[in-house]
Amino acid sequence: MMKIDARGVYYRNLNKIIRDAVASGEKEFDLININGQRYIGDGLQGSDVKIDIHGVPGNDMAAFMDGPTLIVHSNAQDDVSNTMNAGKVVIHGHAGDVLGYGMRGGKLFVKDDVGFRVGIHMKGYMDKVPVMIIGGTAGNFFGEYMAGGVLVLLGINRKKDTPIAGDYLGTGMHGGVMYIRGEIDPYQCGAEVGIVDLNDDDRKMLSPLLKEYCDDIGFNYNEIMSEKFVKLYPKSSRPYGKLYAY
Amino acid sequence: MAVGDLKSNNYCDFIVDRDQERCIQCQVCVRQCPYGTNIYKEADNIVVSDFSLCTGCHRCEAMCPTGCITIRRNTSEFREHFNWKAADIKNVYKQAATGGVLLTGIGCDKDYPIYWDHILLDACQVTNPSIDPLREPMELRTFLGRKPDTLEFEEKAGKISLKTELAPQLVCEIPILFSAMSYGAVNLNFCEALARAAEASGTYYNTGEGGLHRTLFKYGKNTIVQVASGRFGVDKAYLDAGVAIEIKIGQGAKPGIGGHLPGEKVGKEVSLTRMIPIGTDALSPAPHHDIYSIEDLRQLIYALKEATDYTKPVSVKISAVHNAAAIASGIVRAGADIVAIDGVRGGTGAAPTMIRDNVGIPIELALAAVDQRLRDEGIRNQASIIAAGGFRNSSDIIKAIALGADAVYIGTPAMIAVGCTVCQKCYTGKCPWGITTNDPYLAKRLNPDIGTEQLTNLLKAWAREIKEFMGAMGINAIESIRGNRERLRGVNLSERELKILGIKHAGE
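Same order as they appear, the protein sequences are chains A and D.
No gaps in the numbering here: position 192 of the first sequence is 192 in the working numbering, and each next residue is one more.
No gaps in the numbering here: position 358 of the second sequence is 358 in the working numbering, and each next residue is one more.
Because the hints were derived from the structure by calculation, they are not lab data.
What you were told as hints is all true, and nothing was included just to trick you.
If you want the footprint, here are the derived chain D segments under chain A, 3+ residues with CB under 8 Å:
no., segment
1, 91 to 100
2, 233 to 242
3, 254 to 263
4, 280 to 287
5, 295 to 307
Estimated spans, in silico, between C-beta atoms of each pair:
no., chain 1, residue 1, chain 2, residue 2, range
6, A, Lys242, D, Pro137, 52 to 62 Å
7, A, Leu243, D, Arg214, 23 to 33 Å
8, A, Asn222, D, Asn358, 58 to 68 Å
9, D, Pro113, A, Glu183, 50 to 60 Å
10, A, Glu26, D, Arg392, 51 to 61 Å
11, D, Gly100, A, Ser24, 54 to 64 Å
12, D, Ile450, A, Asp167, 47 to 57 Å
13, D, Asn358, A, Glu26, 54 to 64 Å
14, A, Arg158, D, Glu165, 46 to 56 Å
15, A, Glu183, D, Glu165, 56 to 66 Å
16, A, Ser24, D, Pro137, 37 to 47 Å
Quick caveat: nothing in here was measured; it's all calculated off a predicted structure.
Just so you know, even glycine gets a beta-carbon here, dropped at the ideal spot from N, CA and C.
Kindly generate the complete structure, drawing on both the sequences and the hints.
In structure tokens form, the structure reads like this:
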């Protein structure tokens, strides 16, 4: 276990210490007094590497990350898990905009609310299925251009009359699936999105993911499952197939 | 043919003129045309053509063993009208029939001024001697990347060494790189030829946004990997594979719009390389949704630098648009090591015709404006400039370097080097020359060994010509002509154009 006091440490130095330590075999890190340092875990490899982060990390945490686990014991900022390939990020608080942009694999669990443009262009491929579970609500453009993977939005502790998701939900969606715990009005969604009830296959897929999420975040699984989910799916894998005059 | 389609055989663009006396019914032309233009009629033992299907690619003409085919323009003309040219009329017919957006390939074919043809180079006469490049050394080597503001040296035990830490550089033996052309838009044979020619010539090729095929990782030291809005095929191994990373913001042929590789082109290998399921559309959003500002761009530049431990220069490619100079300034300040600017004539595998032909500005003006702006702001050394979009020959290139480019990207000339006839039908995926197609039957027409040789030859020939220009100007290092606008003169240009280009008129 390597403990790093990040107070006043420039992000570039901090990340270099972590990279060098991982290269020389260190597996566990405890970062304290983190205060906005960017790019933590970027491009980092090693599925057995675990980093505990105390304090609010800066933008682009876990970008291009390829294996490690990051646990944030507070809120996080924008662009977490940008183009992430593998690994896991758990955020015990709120997180900002543009989470999981182009994310191809791994898991991102957020306890509370997230901002705008979250889960844009997530994509699945062969054994890679990126999973993002948000405990609270999401802003506009949630799951825009979604091409693969699983997005789950739980809306826990949401104030009355606060919509669980913003507008333009799943606009341009052409792959993957979203599970939303609450009602979604079709006007919120892009024209490419269909809304249906969950079937047995959906429950089979969702159940272990939510159990893992509850274990990590500390929510009660049965309580979460006691409310109704809807499933959002792409009506076509080729929404723009007939756009051109050949 | 769609319902209500007003296209008729009589409105075709080309005529396949076949000399039936020389035709031996061998049917080579039938097999060579992927559009089904040439048809063998067994009952009559005769080969005929459906002219409406001909794209003017000349493949059948080139392959006919008896030379009996000539592809000609259809001379049948609509009544002449200054506003309504045949192409405009036919486009309306096509859209009335389909309701679709017009698509095309290659770069803008409108007759906007080509400034290269209005710029002349200088040479030495009497007062300073020219140099003969055949017998004297000529330096074309070019370093691309951030240069320090000052250099510090230190002396240790009588040895002087550089104290300043230099940013990572690309070392080009010639100031010409191959433009981004993605695997998927072009096939693997062409990608391989580009990679091998870049290796043989001491320069670089660019993967484009389609990922890097596993067989091409071995050419990594001559590879620039691109990160575009779709992030296709982008993972840690990909970022590590090349020697530089390019963030694609825009492309000269389609500024401001996204990309769309249709599902038909996403076969097994393209699927593997782009890391998306077979048969799905590969949609590249118009913007990077993590970049809505210069500050956001800086963030992605540094995320990439962090992910690759500051070992590679990061390039940012934009289309040449009206405000290119200010944008380039922002890009440099955001930490880019290279700024690539793609002019309105830059090529594409597929773009909406109206966008291709009407959006962006010529590279000559954008390049001059960007170079001047970065000089005025005192930050020109902080990034190299790669100019792109419409270079046809070595003289265009040396003029671009004199206008301020460190190097140029070439795409269309590379395709022409392996047979492309600029028929502009790349988007059909049926390229008869085996370049912009993934159909194995067509793709094998491009032999990567021969392609490598053709591309290497082209670079060698252009490098020789650039040396000739330099010798004539009495210059023996490409650095001495870079941004040296004093060696350029304009002809038939307005005061305003001369001012933007930063050059004098001929005679001055």
